[in-house]
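Colleague: Spelled out, the chains give:
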Amino acid sequence: MVENMLDVEIWRGKETGRFETYRVPNGSSQTILDVVTWVQRNVEPALAYRFACRVGMCGSCAMTVNGRPRWTCRSHVSKVVKSGRLRIEPLYNMPRIKDLVVDMTPFFEKWQAARGQFKPSITRFDPMERISPDSMRRRAVDAGIECINCGVCHAACDVVAWNNDYLGPAALNRSWTLANDERDADRGGLLSTISRSGGCHSCHTHGSCVEDCPVGLNPAAGIAGLKRMTLTGLLRGDLG
Amino acid sequence: MTDARLYLLQRATAVLLAPLVLVHLGLILHAVEAGLSAAEILQRTRGSIAWATFYGLFVLAVAVHAPIGLRNVAREWLAWGGRWLNWATFLMGVLLLWLGARAVWAVVGGGL
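Chains as they are written, first to last, in the working numbering: chain Y, 1 to 240; chain P, 1001 to 1112.
In isolation and in its complexed conformation, chain P is listed as follows (with noise of 0.2 Å):
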């Protein structure tokens, strides 16, 4: 893939992840100040498609988005690259989306 092609896919998984980042943070701030416990908070999310739709746009974004940037720091720092970048890249894209995945499943799945 062309350093064009992942300037693309940063950019627009940064514009998605933006607002997705406030509304995390503002949920996190509410659920605090709430003093909602684990329970509480499972039993809103547990079987929420929007929940899931949400968090699972979420972790996709971060999947494409990290590891371009991991790239390019190790690229510039390591002096790294070539395929066995490329195939770092790849790998951190699916270590991010297997965990990912599984938070997400862990708070909205169950009622699924």
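The following block holds chain Y by itself, in its conformation from the complex (with noise of 0.2 Å):
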């Protein structure tokens, strides 16, 4: 019985180097991670890539397959693969250290620029404060929170590849989270923060890193919404 093969094409290198194709087992139900290591245990054990939980927690994976940023631990062949060829490459936007790898140094320097941290209004010493899960604010930091850091929505944004300044749609998913904790000490600080140039007014609303998020989330939607409470904070004469 002829073996039911896939051809995977490899990206090889850094910022220059070239796809490499290997003959790939097509199993049943497997994953672009499982394609991936396949190749690393039996072909090329020089082969570079990341991954850690393979359950679609941490965010290691993230790689381009097939023109398209995905969580490869949970994206299966047979969803994406196109006409028995798959091509997989490191993720868009960030620059390459080897093979499938990327240097993620750049996308949580965003992180930090948009004011990712967290500023107490309280000490630990104070009662907690009592937040209702139905308030809208909180609503609003539930639907933005489950984000695991993963690069996709990074990676799928044009406005990040054409403006080095951009913050980028999961950093700002970040501050939308932040400007909706009502516990958050500095909302006029974070507001004006990510009101600078390359700040949340530079999202186009092209919709990508919302169709290829792979866990859901809306990170159009939070810059909107960071859009508009600037604006309102400027009528207001609250931002700078």
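Among these hints, one or two may not hold up.
[To be verified] If you want the ones that stay clear, here's a sample from chain P, every Cβ over 12 Å from chain Y, calculated:
| # | residue |
| --- | --- |
| 1 | V1021 |
| 2 | L1022 |
| 3 | H1030 |
| 4 | V1062 |
| 5 | W1084 |
| 6 | R1102 |
[Said to hold, decoys possible] Ranges of calculated distance between the beta carbons of each label pair, as one might list FRET restraints:
| # | chain 1 | residue 1 | chain 2 | residue 2 | range |
| --- | --- | --- | --- | --- | --- |
| 7 | Y | G67 | P | A1050 | 52 to 58 Å |
| 8 | Y | R124 | P | V1021 | 54 to 60 Å |
| 9 | Y | S83 | P | A1079 | 34 to 40 Å |
| 10 | P | L1099 | Y | S78 | 55 to 61 Å |
| 11 | Y | R138 | P | L1099 | 48 to 54 Å |
| 12 | P | V1015 | Y | T123 | 42 to 48 Å |
| 13 | P | R1044 | Y | T205 | 38 to 44 Å |
| 14 | Y | R138 | P | A1034 | 56 to 62 Å |
| 15 | P | T1053 | Y | R138 | 44 to 50 Å |
[Claimed, not checked] Computed footprint of chain Y on chain P, listed as stretches where at least three residues anywhere in the stretch have a Cβ under 8 Å from a Cβ of chain Y:
| # | stretch |
| --- | --- |
| 16 | 1006-1017 |
| 17 | 1071-1081 |
Please keep in mind that the hints were generated in silico from the structure rather than gathered at the bench.
In this text, a Cβ means the ideal position worked out from N, Cα and C, and glycines have one as well.
Build the complex: two chains, separate frames, hints provided.
Modeller: Below, the structure written as structure tokens:
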């Protein structure tokens, strides 16, 4: 019996490099990460790639598959394969280190630049604040808080590709959850930070982040919310 | 000026321009359909405070709206930024204002 095989092109190298083609057995229910692991264990031991949890929680294994960024551990080959072929390359919009591994430093620096840290308004000695789970702001936080930092939305975003200063959908989604956190002490400072050049107003609302987010978040809606919040702040004179 | 202010100005002028553009297009269609000559059009517009206000507002809104959009395009597609981009944006606004003001004067001036 002839084994069902896949033709898998995998990027080898750094910024410059080439696609190498491998013949990989097309097993049932296998994921893209399974395919990459098979190549590394059976054909190309020097192939570099990242993964950790394999169950869609850690956000380490994102790669570009047939032109779209995906979490490879939860992407089934059968759903993304085109004419028996797979083309796997590193995430776009981040510097390439080796093969399928990108340097995520600029990505996380943007989280810092978007003031991604929570600023407490009380100390540990104060009584805990009571936040109603039904409040509008808490519901907005809940809708955005499950980000796994995989970088898929950042890689999918055209504005990130065009504008080096742009903070990107993941960092701004974090800002959105903080801006809606009633316990955060410096909402005005946060809104001023994301109103600078490359902040939320640079978003074109293309929606690629929504389209490709593996956990079904809607960063574009959060960014639209930030635009509304900053405009309200500006009209009220709260924003510098 | 912060990006938030530019964003606000561009959206506010867009809200203003939306009805103005529709009226302007309707006017062109009407003028063509009615077969009005240039002299007949000028006869209606010369000295008209209403048309001076309408097109004056139109030109002001365009002079604010368009340079901000061009600034964004230049920043994203030409990787242009900094003080020179701000000056270019300002100069584009002045140029549009000047050209627009001349056009408005040409159709409503003379009787005012």
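Colleague: Next, verify each hint and record whether it holds.
Modeller: Checked hints:
| no. | hint | verdict |
| --- | --- | --- |
| 1 | V1021 | 22 Å, holds |
| 2 | L1022 | 24 Å, holds |
| 3 | H1030 | 35 Å, holds |
| 4 | V1062 | 20 Å, holds |
| 5 | W1084 | 14 Å, holds |
| 6 | R1102 | 32 Å, holds |
| 7 | Y:G67 with P:A1050: 52 to 58 Å | 55 Å, holds |
| 8 | Y:R124 with P:V1021: 54 to 60 Å | 58 Å, holds |
| 9 | Y:S83 with P:A1079: 34 to 40 Å | 37 Å, holds |
| 10 | P:L1099 with Y:S78: 55 to 61 Å | 59 Å, holds |
| 11 | Y:R138 with P:L1099: 48 to 54 Å | 52 Å, holds |
| 12 | P:V1015 with Y:T123: 42 to 48 Å | 45 Å, holds |
| 13 | P:R1044 with Y:T205: 38 to 44 Å | 42 Å, holds |
| 14 | Y:R138 with P:A1034: 56 to 62 Å | 60 Å, holds |
| 15 | P:T1053 with Y:R138: 44 to 50 Å | 48 Å, holds |
| 16 | 1006-1017 | holds (count 4) |
| 17 | 1071-1081 | holds (count 6) |
In this structure, none of the earlier numbered hints is contradicted; all agree with it.
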